[in-house]
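*Asks:* Each chain sits in its own coordinate frame; assemble them with the hints.
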Amino acid sequence: MDQALWISILAAAITAGTPILYAALGEVLAQRSGVMNLGVEGMMLIGAVTGFTFTVKMGSPWVGLLAAMGAAGVLALVHAFLTISLRANQVVSGLALTIFGTGLSGYLGKSMIGIPAPATFKQWLFPGLGKLPVLGPILFNQDSLVYITYILVPLLWFFVYRTKPGLHLRSTGENPAAADAVGVNIFATRYVYVVVGGMLSGVAGAYLSLAYAPSWLENMTAGRGWIAIALVIFAMWDPLRAMAGAYIFGGVDALTFRLQALGVVIPSFFLKMLPYLFTIIVLVIATRETVSRKSASPEALGLAYDREGR
Amino acid sequence: MRGPGFGIRLERRPRPSPVLAFMVPVMSVVLALVLGAVFLSLTGYSPAKVYSIMFDGAFGSKYGVSETVVKAIPLMLAGLGVSLAFRMLLWNIGAEGQLYMGAFAASWVALSFPGLPKPVLLTAMFLAGFAVGALWGLLPALPRAFLGVNEIITSLMLNYVALYWVDYLVYGPWKDPKGYNFPLTPPFSPSAQLPTLGNTRVHLGLVFGLIGAAVIWLILRRLKWGYEIRVIGESTPAARYAGMNIPRNILLVMMISGGLAGLAGMSEVSGITHRLQHGISPGYGYTAIIIAWLSKLNPVAIVGVSFLFSGLLVGGYSIQSSGLPAATVSMLQGAILFFVLGGDILINYRLRFRSGGAGGQSKGKAAPAAPSAAGPAGGTGE
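Just so you know, the sequences run in chain order A and B.
According to our numbering, the first sequence is numbered sequentially starting from 58.
According to our numbering, the second sequence is numbered sequentially starting from 39.
Treat each hint with caution, since some may be false.
Now the in silico label distances, taken between C-beta atoms and shown as ranges [said to hold, decoys possible]: (1) B:SER79 - A:LEU62: 51 to 57 angstroms; (2) B:ASN283 - A:TYR218: 38 to 44 angstroms; (3) B:ARG260 - A:ILE205: 55 to 61 angstroms; (4) A:ALA235 - B:PHE97: 52 to 58 angstroms; (5) A:TYR218 - B:PHE97: 56 to 62 angstroms; (6) A:ALA238 - B:TRP263: 40 to 46 angstroms.
With the Cβ distance kept under 10 angstroms, some of the chain B side facing chain A (calculated, not the full set) [stated by the list, open to error]: (7) VAL67; (8) ILE190; (9) LEU196; (10) TYR206; (11) GLY380.
The set of hints was computed from the structure by calculation and includes no laboratory data.
Every residue gets a Cβ at the ideal spot worked out from N, C-alpha and C, and that includes glycine.
Just chain B, with the same shape it has in the complex (with noise of 0.2 angstroms):
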């Protein structure tokens, strides 16, 4: 009989490698540098040369690394968003639809009350960007929370919707007359701007990012519904055991998740676009999963984390010049997902590789339970 796994054998840790658990995220951004270059010359790129460009990009000027921060500010508020419901093992794949719908609401407010003060106006937009970004995450949470329907599908198609919600307005009844036909509102008035740092695009939606981090923070570390919050995920069971109300976390949960990135969308079209228009986001919900991930969701890792891959996506822009596409990056991203996944097993598991049949169980039964007898306890099965 083969070997179960191709050979591979998994043995526990007695605790995790600490070592490795710092390791693995950054092997990983290297493996998959490798693995890119791989793809680029196999294709007629050079890696050396692309890699240059891209982190010239980002981080090679003044302008670059202003590019940088300034891209990191959605991935920051998504990311957190995305961050604390996976710690529910809630899978809210909807950053990007509550990011549209955040900057439809806020834009919403800017077009209908362009004369309010500034101070005034500005709050207006920032609870109502994150009102309907929380209530667009309810939307799947309803049905999961009470039905124990699939979040993951449902929040995810409602992606699609929000972007065509977008679409129909910018193309249609919010269309700016003046705007030479193209998909987008007419600016925001100057009191509808968030105010930014020097004469960068650096806007004050940075300082909501590392203020929605350190709440978050604070929420998980230091509240008792932090506490329920990681113990439902842990274990649902022992969550209902301990009479803890599960449906009003969740939909509590997906509200904050879904308000954050309504934040990111409504500090893009308030710090950034001055205006809403077709395609605000290049997928930045979609990236805040990866970031979350590979930041184990830790909400400090995750503002560090958002800069390395604004800096990815910053760099991706300025390889387009060069023939290739914005889509690389995604690839890029995808692959870095991959191996911290393989490499996470390296943190609690240590890898046997077997020679061929080993085992030798063929008929099952008590036997597997043989080989094990040393792993648990012990830990030092070399």
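The following block holds chain A by itself, in its conformation from the complex (with noise of 0.2 angstroms):
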């Protein structure tokens, strides 16, 4: 195979891989301050949805893109409240918020249906950089929002584990009684949390209708978030981990829209089976992982903190 095939694979690796990173990244912050949010796929879809919306409202992306975010994490607060406040079971309040933007967006992008974006974020190459041989054509010929992500991982990263509001977060999700009684407050923490992960999925599900299949289609995530919430697990709640782990499943993604055109005779069927058999295959190898290193879950992750309970 040639190499300028190879390049445009890894490209697509990238492209491919970012909405999953962002909600990734999204739920890793949730879930490293103890909420569990398997509303993601939900969540994306509005964010496609509102990001579209707006987009072709308003003429901009970018506003498309906050829109998308504001949305998006309006619904992550509708599961903070529930969760924290109220201390509902955390897998079926994620389930209803997915149930519900599923339906929810489908409701409002019905008359979005077959409108082209009349503005997207396109790809340009990056200065200077995008000059380098082989790296260039792969890492910075993409879209903005994929160079933030080369900021936001990183800046993520030390935020986790090298601030003091970081160390409270962390503790937040391990231990919250030991964090409550050094003055963390445990609900601010976990609502703030929640919510900023939810905007991360909106972002993950505005790039996917602005940016990677620039159009509104009903149910265009095709579980991408789950995917995102499997990586979390694969990436042991670490962002840096999660970019690689997006990478490696935009790369499946990305293969299978290439296989056939490399002569590979399988049946479409089987190829769009792939991403998801792989998740499966993935999250068993990474749990293994997980256990054998007992660097498990953050240890209060899906319990409701119950400050009088203690």
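*Replies:* Shown next as structure tokens:
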């Protein structure tokens, strides 16, 4: 196979991995604070539809992006209220969010089907770095939202592991009672990260409808929200590992599109199964790893914090 | 310091309120409809008109009612399966895929042995549908039982795999050559079709659902095994301490759960479509999750709630002619679940709203113990 083809596959892997990455980063933050949010798929769909609608109405994808973050953030706030304040079951609330978001996005997006996006996030050659051999066309001929992740991911890593608020975030998810005792406001912390996590899911959705496949289609996330949640486990709640993982998933996605072009004669339905089967396999391997390394999920993940019940 | 949880304090009730236990699901449906009405009017539809079309579509005619009964069948079967797993805190989100695989297996039997006598063929289809649904449920159960792999994601991923598998068959090797290129298999022989009630589409699957509910009820209430399932669901460590075999229970429960969803698929192809085709389920497996939760995992309640949700679904189809997408219904379903979740807290807790920072426990440590002192024992903290 020639080099140009590999370069195009790797570049496509980054593009395809980016929406999963945004959603996974959001979920890393939420889960680090101790709240599992299974509503990623629903929040992404809401992000995709509002991002697209606002771009059509206002003409700027950046406005669309902000709207997507706002709308998905509001949905995340509902989850936060139910699970943090009312101590509702996190699994069921997240599922409700996905079902509600799927329905609402289909409802709101009905009039958007078939409309072309007036403006999108387009690829542009990063000045200087874009000229690098091999790496240039892979890493630096992308759209703005991809470039943002190059900064966002190391920043988040630094934030989580090397700063005081990051320490508070981790301790909120690991041992909320102890964190509470040293003065961390558990409820406020969880609210903030669940909502920020939701906003990142909104970006993920907007990426799909404004950069990856500029249009609106019902259920256009096609399970990527769930793949992002699986990725969080694979990444062991680490933003850097999430980035690596997202690109691997993106690579599988990109390959399935190109395998037939490469002359592989597998019916397309089997190729479409690949990302989901791959997710299952990766999850099994990752779980074995986390168990053997004893660096499992945040201790208090999934548990409502009851200040008086500790 | 701000009060925790935005100024809301929860105070445990001495005993759950039975009135609220009944009212919460009812009010949740009402509030979801109100929320839906707000959305409808905001987007330029008349809620009263849309809801009356929905109600009429689902319950207004003999055909509507029979359709509501027909659609309640897969919801009931999948809902029962899902609820049994939820009892053990096993989150089987894969009912949709298990339904598709059950439909696939039953169709394979029907298409391979069309000449068998009706009772034999239907029994074989029933068994195949249950068995393959159960196997599809076993797939996420094995890594969960032995490695602790999150079954939510694996069971969900398998939904997509099952969907594409059925699509592969109906677009490919099983496609009806006389089907004008539609994604469907040739029709089943008459002996592969479930008997129906009179001249309606209501089929024998209804009996599967009712018997299924009775069996699950018996397992949970009368068998030692049902007791084990309930104990494991309430406290896995306690169950382990009591010497219960948790991996074996995970496998068994997920197989029954998947098997029931598989039966839903079998009864759809054998009772309704009489062939395997693309999109045999409009998301029954997901709606089943809401039904199970709304019914408090009670098998008898599941039967009733299935009819309600089926009415919602049938009503949803009837509004499509007025330009609204069928997704409107899943929006309502999601909202119902939200309100149930929010309302559930009222059954066990009293909500106390605090104005401003009345807590004043800025230094933490032992202070939080004070306000709770009146709570658990007396419960008359008003």
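*Asks:* Classify the hint on B:ILE190 as holds or violated, based on whether any CB of chain A lies nearer than 10 angstroms to its CB.
*Replies:* Interface hint status for B:ILE190: holds (7 angstroms vs cutoff 10 angstroms).
*Asks:* Does the Cβ distance between A:ALA238 and B:TRP263 fall inside 40 to 46 angstroms?
*Replies:* holds (43 angstroms)
*Asks:* Note whether the CB distance of A:TYR218 and B:PHE97 lies within 56 to 62 angstroms or breaks it.
*Replies:* For A:TYR218 and B:PHE97 the Cβ distance comes to about 58 angstroms; the hint holds.
*Asks:* Given a hinted range of 52 to 58 angstroms, is it respected by the beta-carbon distance of A:ALA235 and B:PHE97?
*Replies:* holds (55 angstroms)
*Asks:* Is the interface hint satisfied for B:GLY380? The criterion is a beta-carbon contact with chain A at less than 10 angstroms.
*Replies:* Holds. Min distance 6 angstroms.
*Asks:* Close enough to count: is the Cβ of B:TYR206 nearer than 10 angstroms to one in chain A?
*Replies:* Holds, about 4 angstroms.
*Asks:* State, for the Cβ atoms of B:ARG260 and A:ILE205, whether the hinted interval 55 to 61 angstroms holds or is violated.
*Replies:* With Cβ atoms ~59 angstroms apart, the hint holds.
*Asks:* Has the hinted range 38 to 44 angstroms been met by the Cβ atoms of B:ASN283 and A:TYR218?
*Replies:* For B:ASN283 and A:TYR218 the Cβ distance comes to about 41 angstroms; the hint holds.
*Asks:* Tell me if the interface restraint on B:VAL67 is satisfied: Cβ within less than 10 angstroms of some Cβ in chain A.
*Replies:* violated (14 angstroms)
*Asks:* Can we keep the B:LEU196 interface hint, with Cβ of chain A closer than 10 angstroms?
*Replies:* Hint holds; B:LEU196 Cβ to chain A Cβ min 7 angstroms, cut 10 angstroms.
*Asks:* Go ahead and decide if the range 51 to 57 angstroms is satisfied by the Cβ distance of B:SER79 to A:LEU62.
*Replies:* holds (54 angstroms)
The structure shown violates just one earlier hint, number 7.
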